[in-house]
Amino acid sequence: MSQIEEVSLEKFKHLVSERALTGETMLLNMGPQHPSTHGVLRLLLELDGEIIVNCIPDIGFLHTGIEKNMEAKTYQKAEVMTDRLDYMNTMGNNLAYVMAVEKLVDLDVPVRAQGLRVILTELQRIASHLVWLGTSGLDLAAMSMFLYCFREREQILDIFELVSGQRMMTTYFRPGGVWRDVPVEFEKAVRDFIKIFPRRIDEYESLLTKNPLFIDRMVAIGCLSKDVALQYGVTGPSLRASGVDWDLRKARPYCGYEQYDFNVPTRTEGDTYARYLVRIDELRESLKIVEQALNKLPLGPMRSENRKFVPPPRSEIGVSMESLIHHFKLWTEGFPAPKASIYCAVESPRGELGLMLEGDGGPKPLRVHLRTPSFDNLAVLPQIVKGHLVADLVAILASIDIVLGDIDR
Amino acid sequence: MLFPGTARQGRCATKQSPTELEIASSGRVPPRNDGVKTMDKKLEPIIKTVQDKFGATYEEFRDEVHLFVNPEQIVDALTLLRDEYNFELLSALTATDYWPQTAPRFHVIYQLTSLANNLSVQLRVPVNGSSSKLSTATGVYAVANWRERELLDMFGIEFDGHPDPRRILMPEDHVGHPLRKDYPLGYEEPQFTFNFDEIDLRKPYVKE
Amino acid sequence: MGIEQKLGNMGVVTTTLESMVNWSRTSAMWPIAFGLACCAIEMMSAQASNYDMSRFGMELMRPSPRQSDLMIVAGRVSKKMGPVLRRLYDQMPEPKWVIAMGDCASCGGVFNNYAIYQGVDEVVPVDVFVAGCPPRPEALIHGVLTVYEKVKGEKFKDLANA
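Residue numbers (the numbering used here), protein chains in the order written: chain A, 1 to 409; chain B, 1001 to 1208; chain C, 2001 to 2162.
Pulled out of the complex, with its shape left as it was, chain A reads as follows:
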């Protein structure tokens, strides 16, 4: 095991100001173990008193080698890796991956599977925003938010457990459809959630939105202008809070998002409070999509009939020789994908989650690259914290909603 590297000013001298070299300002280490960094993020702060002069993020403490590991697995087996990438958005990561595979091999998806994907991804978006709301409330000393948000999140996790058997790492979406059809209890569970949740959002808002302590900590803190956001590749709610109306669900509809009626909440202020309001509005919009998708959900097959890529149902294996062969080939060899590269992006709760998938003609991908939104959203942090207090850094970091698994991959 190697040792912890000692911080030497020599290595960072191109990143700090002149005054740090003379000892006029102070370098402070924040993290990797810190209750407010939302994971194992290390920030090296150059401070003048309590005012931040420079901020140097150091990432990689959760680097998992997911991209390399996916290249060593077949297309079906690589999917379990995507769950563990951004662990707040497991369904969304699965969706990006299966859509990329479907695009690469040109696979059709039944309408029912599309509907189920929309419902579950939007529920996951709500769950992710709830964790964000709970933990960022905790950072700003609103302890009860944490308890309320996790209460509602458990209800969503119960729905996930109902359909997939797992609370978090579901791997429920598969190339060509979903793993299996939802049980009959699914509809009631989702309807129950749709019924109670609007009142719960009102409850959160009554606790926070007009709370003077909360407003003092958030308004005009960490302003991110539209140009800087685009320069740094910021996407998702953080970009929409800066006045750019860009949501992949609207701009490039996938999974049939074009049939649902929903708004893309935007703000123009670009500060921490605007990012909070955008996410709160997104909770309501996501719930609207879930309700419409559930009402429209058709009956029918939940997996493609294309046996070259999708395994046959269990019941067929006993009676059809062909199905048995397909099943055997799929689970021993996997399916080949063409020698080509595609880029497929979906809107995750944090922004544009892109997947670049390159096949080499065999059953394993030649290259998988995950364009994760938190990586770029964190890169802008040094620009927006300059001149703020250390306590404000906590609020800003919470408002851009980073997930370290998403950054370090």
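Hints listed in this document are in silico derivations from the structure and should not be mistaken for laboratory results. Note that CB positions come from ideal geometry on N, CA and C, so glycine has one too.
So the derived label-pair ranges between C-beta atoms look like this:
id, chain 1, residue 1, chain 2, residue 2, range
1, B, 1182, A, 299, 48 to 54 Å
2, C, 2030, A, 50, 26 to 32 Å
3, B, 1203, A, 250, 48 to 54 Å
4, A, 196, B, 1118, 34 to 40 Å
Start from chain A and add chains B and C according to the hints.
Using the frame of chain A, we list chains B and C on its own:
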């Protein structure tokens, strides 16, 4: 040819599209057909300009366009696309390793998005294994700063004029570039009941 | 309601010092607030409304290793994180216990590659392994109770020799 690099042909065996009756009865959407879903017509003048100015070649797969640009001209091409054609967002910057092929060994990939026109285009720069150097795009897109550090860390591709050339994900003292194809995965044999004792002997347990 | 109602007006209770000290250690164990990856979210769930780990005297997560006596390694440990984890462990005062939560911390899980320690027992000594990817909050609570069982059986003379 295992990794044909620039000249790749990617087409699946074409399927017969189902009849209307089949669609209605099975509740399926028809499969995406390569002939139907092609690239956006709005991209054509952009491709033409890049071809004329930089001698770029291009490829089409599904609805995506990949433009191949020379390493010397990449910054100019990015500047042109950003300023003239509103590609404000550098969505992804990554690379692919085609080892054991050495010329070109890498493709550095720039995925650009235009919010105003709702378009995407991908620029690919072939880079040789022996001289894996490129000029930095930090001046055009600020996001390239961290993404290029990632490429330096993971592939060992260096960028001339980069303001902060340090490793980003791996520890500073790490040797090698993990995402290169000649870097081993680092697989260790899992410990099961039947080989428990054998692996237990060589497993590096910590001493208190 | 408390011990006095159960015992009545007894005045004196005799026990061994060892079992009394061990009993008091189990009833107020403070874990270090230290989440790594996915399992950290389940650890948060275990403390939130539905599972409420404070029923077992564990509502306090200490942000400082100096104030804590239980480390829950919640997630995969990368080669870059390993030395940091070890330093945090070294900063905790004796006696201290470690739970390896989840498959990644126990044995590497699905990540068998260059970046991840194949089991956190290569970095710090582990008392209890909790299986699952990620383990349910109930599984974590069971793991904590297993640590309690272990603590209750500890002998002073073993600790003195360590």
